[in-house]
Amino acid sequence: MSSPVADNWLTIRLTLAVFSQHYRKSPLQAGAILLGIVLAVTLLIGVRATNENAIRSYSEATELLSQRAQLLLAPSSGKKAIDESIYFKLRQAGITQALAVLNDTVTDNQGQRWDIQASDLIAALSIQTAQDATQQKQPEQYTPANEQQSASLLSVDLPLDKLLAGAPYILMSQSFADDVASSGVMILNNIKLNVIRLPDELGLGNAILMDISLGQRLVNRRGQLSYIALFGQAEQLTQQVNQVFNHQTSQFFDIAVQDDGEGLTSLTRSFHLNLTAMSLLAFVVGLFIAYNGVRYSLLKRQKLLVQLQQQGVPQNALLLALLTELLALVIIGSLLGFILGLQLSHWLQPIIALTLEQLYGARLMPGLWQWSWLYQAIGLTFIAALVACYPLFTTLAKQPLARSASRFEQQSQAKRKHVKLFIIALSLLGIAGLLFPFTQDYQHSLALLGVVTFAIPLLLPFTLQLGLTIVERFSKNGLWRYAVAESKELIAPLSLAMMAMLLALTANISMNTLVGSFEITLKSWLDDRLYADLYIRPPNDKVAATQAFLSTQPKVTAIFGQWVHNSQYQQAPLSLMTRDAHSLRNSNQIKVSSNNHWQTFFDAKSVMISEPLAIKYRLNVGDKISLPEFEQANVEPLMISAIFYDYGNPLGQIIVSQTTWQQLGLSELPTSIAASYANDIVELETLLQQKLSLSEAQMYNQTKIKQRALEIFKRTFSITLVLNSLTLLVAAIGLFSACLMLTQARQAPLARLYALGVSRNQLRGLVSGQMLIIVLFTCLLALPTGALLGYLLINKVTLQAFGWSIAMVWDWLAYFRVLLIAILASAAAVIAPLVWQTRKPLISSLQQEAL
Amino acid sequence: MKPVYYAQLALLSCILLSGCFNKSEQHTTGMGQLLDGDIKGYSPVVPGVTLSFPEDHQAHNGFRQEWWYLTANLTTASGEQLGLQWTQFRIALAPPKTTATVEKPVTQTNSWQTQQLYMSHTAITTKTEHLAAERWSRGHDNLSGTQANPLIIQQDDWQWRSDDQHLFPATLKVTTADFNYQLKLDSQAPFQLQGDAGYSRKNASGTVASYYYSQPFIKVSGTIEHQGELIRVSGDAWLDREWSSQFLSKTQQGWDWFALRLNDGSALMLFQLRDNSGKQQDFFSAKRMYPDGSGTLISSDQISMTATAWQQTSSGRYPVAWEISIPSQAIAISTKALNDDANMPLSIPYWEGPIQISGSHSGLGYMELTGY
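Chains as they are written, first to last, in my numbering: chain A, 1 to 851; chain B, 1 to 372.
Bound-form chain A, shown alone:
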């Protein structure tokens, strides 16, 4: 005797066996579902791994080839370097867990700039792990591919004889060297340097490292250090250092406790958010495809499900079997997606690493991954799929045992549903529209943006319906009218794939708009900002000589100066700066200002702040602001009288007048000098090189800076564009699979038409025409929705997250480009099965109806 529970299990197992037979017969259906899940999870995991790795890298950042430092001794205010004697003094006093580091920028023969780091390699390699720090922080993550090796003198294969002799040898990670120095040689500052490749696991990232014996000479900074890293316990070290320098440290250096990456994390937060949003979008697009697949496979099994119930399978068992099937597909799909996602992240990381390193100075460590991501991906996908499919399941499982509703009824049901979706979409858009004016925080804006993104595809089915009804009215009788009429019936089965496509197109168009607009804004801003022909950053001891030299040159028409001081506002780094009066008036594009801005500003009663700073701390014209330097110099907080545009700068800026600068008692030596020149600027560059032996790396002409700025800009967005293209690709694949399934489902009606005397060519034209109409309508809808999303991205998210005002510029070329991709994808999707189908014997196609 068997229990009812066991009976139930048996039934479920049998039902599952039937389902698996079904999929064996039509693998395309299972494939489509899997494809959707795989694509969704791939992009989700790929971006997640990339993001989390970057954030982990900030918090666990170690000194190159060494350990994580707890204390950093940095040049004191206004100075560019620490004297190396400080380092020796520390070591002689027994603070030997110390590392001398020199950072600088060098130029290669193509004029490209590279950041280099030179350190006392022996110290770097021999510093032992600060036990306390590492033991407390046992990472839960497991890095199977590359267990983070900590380098030591004996574990690293280095030609120390050459490195310590100051011979031209530099160290790079294997993969970075493969990218930028595949010949094994790099020419930096006109010196040929041999590249030594170290395993990626040592965590060099995209850094160029060398021994300090070479570094100081390469950048002509003998005796100078950028900072000294100390290892151990921060408090104890601070105490020791203070003892060594009799508590007079501030005249030699500033002591900074190494944060756990909060600084970098907050700087890069919006960047990562951007990526996360993109990955979620891709995830949704992928799920659309999966959902479409599930729906289609259920539709094909409608009859089967009825038959099973007629055989006595209870509804519960049927439902459970369907859920089990879904879970199995989700698990398999997620697993595949997980593996592919890690691979994707592997490809994305170098792109990200370059951006983060060059823009924010963050160094990425070798990748890691966690099993929990897989569980989360499975959970998320299953819940999403369940929410999407459960109504379908219950409808199907509960349908009357007599043969289901007629075709006509199905159609009118679909129409009603389309109207319902449209209304939901409009309500969502309405709500978002009402709330948007009140958002201040980019995270809220992003949430609302998500609502809009969700609403957009819901608009599609009804819009398509509407569009086709209008076209139908204008089309002639005969085959074409039939085609249009039938297209309307295709909307229901195709709508999901088209919705995914619409979403991808919208996202693509909006991102293109954002990026394009930003580029134009940035260029115009650079044109204003860079008024002089040549910008010079001489070493401190040559500033006066450079100024004097420039003033004697008859062709120099103007000399400008800029003074920069590194400061802090609410724990975040910031540049406090001033310029000469002419530059102050002409080099900043002012966003808003008070009525008597210039007067109060030059009277040392007010300051100007950059737009990102204003937005980040919600500062407005009229507010008062103070910095530690103000307090030190007993200067009262000053009013903000203007906010100026600033792009691509991760640091906030405060500009004060020269009078204020003097009141603050900051360095009199300008940080950089600019000059306008009445002749070819190369002439002046050559003169400066000859007369003052300034190096090329210390001079920038306008063109070079613009190039560099745009280059950074492109890098910042390259990752976004890559993800965007991937999303579009996912949508195209989704469309392809939907068309493929649909065309297969339409074998019988097509065969009927063929039997009625419609030629094969006409049939091909008919089907392609139908698809083209639907795709074109979708693209047409993507135009306003893309513009809407673009508008919100520019005026809400980017403005709030980065603090950059951008004038929106519509790019038709980009629009037509994505349109072309969409049409090509659908054309491929339609033509392939069509050719294959219209060649099949008539009878087999006709028989499809009966099966």
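Since no wrong hints were added, every one of them can be taken at face value.
Subject to a maximum C-alpha distance of 30 angstroms in a straight line, what follows is the list of computed DSS-like cross-link-like pairs (lysine-lysine):
no. : chain 1 : residue 1 : chain 2 : residue 2
1   : A       : Lys542    : A       : Lys706
2   : A       : Lys89     : B       : Lys184
3   : B       : Lys336    : B       : Lys127
4   : B       : Lys173    : A       : Lys89
5   : A       : Lys192    : B       : Lys40
Partner residues aside, some chain B positions facing chain A, computed with beta carbon under 8 angstroms:
no. : residue
6   : Thr114
7   : Ser137
8   : Leu143
9   : Thr175
Hints in this document: simulated from the structure, not taken from any laboratory.
Where a beta carbon is used, it is the ideal one built from N, C-alpha and C, also for glycine.
Once you've looked at the hints, dock chain B against the given chain A.
Okay, now just chain B, sitting in the frame of chain A:
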């Protein structure tokens, strides 16, 4: 002398220079294979060279490796026995000639450029505790190296500082994370030149040798700070100075070295080089030394030594007790470690610690074991 370090430094240099760096290789590869470094360009060790002081207390950068090596058997105020070791090693990364021919694309120079690498070790050993520490840095006027007048041998804040250009009297100051010490060192006895007037053979055929002199009769007093406690100590110390360019012969695997102070007032330096080829005899060398500067060389065939007890430590299994017999000197003694776990778990692991002597003579000394 500390022949044992030939092996270690050979290994070290090999690791540093040519990159046979895999940790597992250190154990599986025979030492001999690792000792095959290129010595071209370094100063050769030849017989007949007269050592002169104080000049030879300084670093000899033309030779491949060198050390200043102090071991001390001390007694605390409460009568507890304590061993102390301080060693500063110098390793040349390249011969002086190549330094000159190194490409110089950057015309200026800076003080960081060097061919000398320094490593220092220190340890204190009691019956129950053994603490060791290590330092690395490059040769640099402000980091590590030697100075002539007053004579200074230093690495960071570890410093041997003599009152003048001679080795004694001197102060030795060392600070580590676990312990600090400050010792006053003095000796009236003449230096003992090992081997043939300082030319010390390292194998039977004489193809490998070093310059080697010792001071076995040093009086020590000072303080050790450990766990917040200041301990007064006094006792005897032994200094070895050795430099050379060539390593062990290819078949030599490791060393067992002894610095023994016998109760008759004499001292005995003794070592064996273990051969692992099976073809060559192990090579022994010893010298009986007296405070008046006199001494007797003891040839290899007169020495026999046998390990009698082994200890498994965190960095290997070492023979910690020995029977030593030199009939020509009427010496038949057993040695026993003060602390069997006196292994040095540093970049290159070895065993080094104080020992007690019993048998025909009694006394205290130091033992060093490597290549296990």
